[in-house]
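With these hints in hand, go ahead and build the complete structure from the sequences.
Residue numbers (the working numbering), protein chains in the order written: chain U, -15 to 404; chain Y, -15 to 404.
Think of the hints as simulated: they come from the structure by calculation, not from any bench. The structure presented is a predicted model; accordingly, all values stated were derived computationally and were not measured. It cannot be assumed that every hint is accurate.
Heads up, the list lumps identical chains together, so a pair's fine if it works in one copy or across two of them.
Unchecked claim - Only pairs whose alpha carbons sit at most 30 Å apart, straight line, appear in this in silico DSBU-like list of lysine-lysine:
(1) Lys210 / Lys155
(2) Lys289 / Lys228
(3) Lys254 / Lys213
(4) Lys98 / Lys222
(5) Lys286 / Lys(-10)
(6) Lys29 / Lys62
(7) Lys39 / Lys83
(8) Lys198 / Lys(-9)
(9) Lys98 / Lys228
(10) Lys254 / Lys267
(11) Lys98 / Lys213
(12) Lys283 / Lys17
(13) Lys43 / Lys267
(14) Lys(-9) / Lys213
(15) Lys283 / Lys180
(16) Lys35 / Lys156
(17) Lys(-10) / Lys180
(18) Lys1 / Lys228
2 protein chains.
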Amino acid sequence: MATNLKKQLTQIAARAKQASGALSNLSSTTKNKILQEMARALQAKRGLILKANRKDLAKAKAARLADALIDRLALNDKRIKEMSESLVQISRLNDPVGKVIRAWLRPNGLWIHKVRVPIGVIAIIYESRPNVTSDCIGLCFKSGNSVILRGGSESLNSNLAIFHALNQVLKKHHLADGIINMVGTVDRKAVDILLKLDDFIDLVIPRGGENLIKHVASLSRIPVIKHYKGICIVYVDKSADLSKAQAICFNAKVQRPGVCNAMESMLVHKAIAARFLPAMARKFNDAGVEIRGCPVTRKIVKSAKPATEQDYHTEYLALKLSVKVVNDLEQAISHTNYYGTHHSDAIVTQNYESALEFLRRVDSACVYVNASTRFTDGYQFGMGAEIGISTDKLHARGPMALEELTTYKYMIFGSGQVRG
Amino acid sequence: MATNLKKQLTQIAARAKQASGALSNLSSTTKNKILQEMARALQAKRGLILKANRKDLAKAKAARLADALIDRLALNDKRIKEMSESLVQISRLNDPVGKVIRAWLRPNGLWIHKVRVPIGVIAIIYESRPNVTSDCIGLCFKSGNSVILRGGSESLNSNLAIFHALNQVLKKHHLADGIINMVGTVDRKAVDILLKLDDFIDLVIPRGGENLIKHVASLSRIPVIKHYKGICIVYVDKSADLSKAQAICFNAKVQRPGVCNAMESMLVHKAIAARFLPAMARKFNDAGVEIRGCPVTRKIVKSAKPATEQDYHTEYLALKLSVKVVNDLEQAISHTNYYGTHHSDAIVTQNYESALEFLRRVDSACVYVNASTRFTDGYQFGMGAEIGISTDKLHARGPMALEELTTYKYMIFGSGQVRG
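And the structure:
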């Protein structure tokens, strides 16, 4: 069984590698046309997709999965329409492939071009949301990469239905088998086998909870780009404009608390804590945010619960917030570098030196001055749809969009040069 | 013992991480001044370094290491002078840190800057050449990264002497302990322990033979950039200028056969094989190059030995060459993508379409038209000293110089923006 599975997955990966050659040279015009056809195919196959989804939902309910999980799993007309629109949007983004990053002429006449090319074969290992299936297919196809998808077992039927709808479009165009691939088994060994196929797969992107990512990172022989959690921190400096600070902190915590770029911890300079915290706490209180504060915070905000050391290490993804009063910018920066997850952090200040110091010394993918951390997002950055927000430092950091799904090669135009 | 070693290495790595914060914000002026002092320190401590090297040499001879290995290990006045000059050259290169890769204004007024920053802590695991010690220290220091060095056991005394000479300069400047670090034990477990310290080390670069690299890649929990072997291929097209082709192939094979960008395989279009091969073979013969050819080659070049399948997979690093006559460009491209190691490959042709087709479809770090593969080198590309030539696709591909030793972060300048 395990041998069969290994053989089957090796075959899928080898075919994906094979297909990636032709795919990498497909013109943008063709790719965009196909993406738009894929968008229509999702709508046309809506009935089949919803039917498959009902199967998954029935199983999930029988297995008594949590309501939140069942909600993430559920598809309806509106969600399929959104998936379809997302493919149309991807078709409208600039194609990164073929872009000359830089070109220069050497003294000996060699003309060196550093050019963006697809990475090759990307494996994506993800959990329950079925829309990830079409999003990842769209992004990988547009950036010229073959993709191998391995979704969660609870959404297998939905994923397969979406996959088949999109793959039929590729078949209609007589494109190579293996451009998009789905691992159609719930066998948990499949992931471990995929992670060893470094002869065929160039990159692995796990999308899901911390345990999934850790598992993939520890087993993979293939480079992995991780999208870990976001413990995002906003520091309200002593020179902050307090009404801006209130708006930014409220937005960062409350606008969408369940996502990785929401604020989980708020630091407040001691000189303004007594002026800033009472009104801020009332606003949070009205919105149902539970505050867990340090001793100084609790003297000012009577309703705050005590924050433990663990609170500052916690990504709540909920209407909860840890608060700490700090002595100075220095303490704010070291707290952020130590307790934060290097995702998105902000300072609110009117002081020029403090702003620059925070920008330079906070070691995070996105460092903000006077703006909400909620902007860390491919669309908000103007980069378009993203495959995730990388918390790694190698290859891609922060929003990972089409360009980050490419690598480069050097094309060198010579006229007979040899090395002396 | 193993527990002690783990504790000791964790301490080194944690200190390196700690030190990387201050290092990342050191000015170019200061870094360059220190690099020049390091260059002088190497010369000043020449006596001590040569003494340590004599210890290593005596051990190596007692252990009957191969002459080639002993030669690589040996230091003398000239080699120390070269190491010293190399540090001066690094001091003169542009500092990539702080470079704004791109900056743009969003419609909501957010001003986004994508800025180069150091990676953090880099571990370099390498084999016998002691000059790697000072080169890597120079490159990592200039790019603002803390470095942990783990050299081969046969050069431990030389490496330590070089390390101490350079570290004394940092001490004189009262810079944080831990900017440069050397693992001063020959215990082989040290590498395996280092590779698990992903809380502190951001990147691992193995430099050495295939076995070392494979070992590191299979065990590491930290991202690895691999510098695998180079089976570089030159294809002489039917439309080649044959005198250019002869000069390029000769240079690619003979100028320095022991390096990764030397040609190991030559493909020749069948239409010109009978015209091109005899004179080319004579030239190779005069230079002592052994030719291993396909059946067609052997009909034309009587002295050629038969090439086995294995020959086309072999990096000789010596005056040996596999030769194959191919039917067309298509076969040349598929052979190159299949047998090559995606390092550096070249086409020699006067035909415009063939040149572009080869450039687009050969999936290698460096693809050349009408030039020797020997140019794949940081200095030859105008990028300056390099830490190696990456055969990976993620983060860095081809020559890996100062810029590739950095990552980026987004600095976002706001004025109170919140997300709607």
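The hints, checked one at a time:
1. Lys210 / Lys155: The answer is neither: 32 Å in one copy and 37 Å across copies each exceed 30 Å.
2. Lys289 / Lys228: Classified as within: same-chain Cα gap 25 Å, cross-chain 79 Å, threshold 30 Å.
3. Lys254 / Lys213: within (28 Å within a copy, 58 Å between copies)
4. Lys98 / Lys222: between (46 Å within a copy, 27 Å between copies)
5. Lys286 / Lys(-10): neither (60 Å within a copy, 46 Å between copies)
6. Lys29 / Lys62: Only inside one copy: Lys29 and Lys62 sit 14 Å apart there, 73 Å across copies, limit 30 Å.
7. Lys39 / Lys83: Neither: 44 Å inside a chain and 53 Å across chains, both beyond 30 Å.
8. Lys198 / Lys(-9): So Lys198 and Lys(-9) pass the 30 Å test inside a copy (26 Å) and across (23 Å) alike.
9. Lys98 / Lys228: between (43 Å within a copy, 25 Å between copies)
10. Lys254 / Lys267: Within. Shortest intra-copy distance 20 Å satisfies the 30 Å Cα cut-off; inter-copy 80 Å does not.
11. Lys98 / Lys213: between (33 Å within a copy, 22 Å between copies)
12. Lys283 / Lys17: neither (62 Å within a copy, 51 Å between copies)
13. Lys43 / Lys267: neither (42 Å within a copy, 73 Å between copies)
14. Lys(-9) / Lys213: For Lys(-9) and Lys213, the Cα distance is within 30 Å only across copies (28 Å; inside one copy 34 Å).
15. Lys283 / Lys180: neither (55 Å within a copy, 43 Å between copies)
16. Lys35 / Lys156: within (24 Å within a copy, 73 Å between copies)
17. Lys(-10) / Lys180: So Lys(-10) and Lys180 pass the 30 Å test inside a copy (10 Å) and across (27 Å) alike.
18. Lys1 / Lys228: For Lys1 and Lys228, neither the intra-copy (51 Å) nor the inter-copy (35 Å) Cα distance is at most 30 Å.
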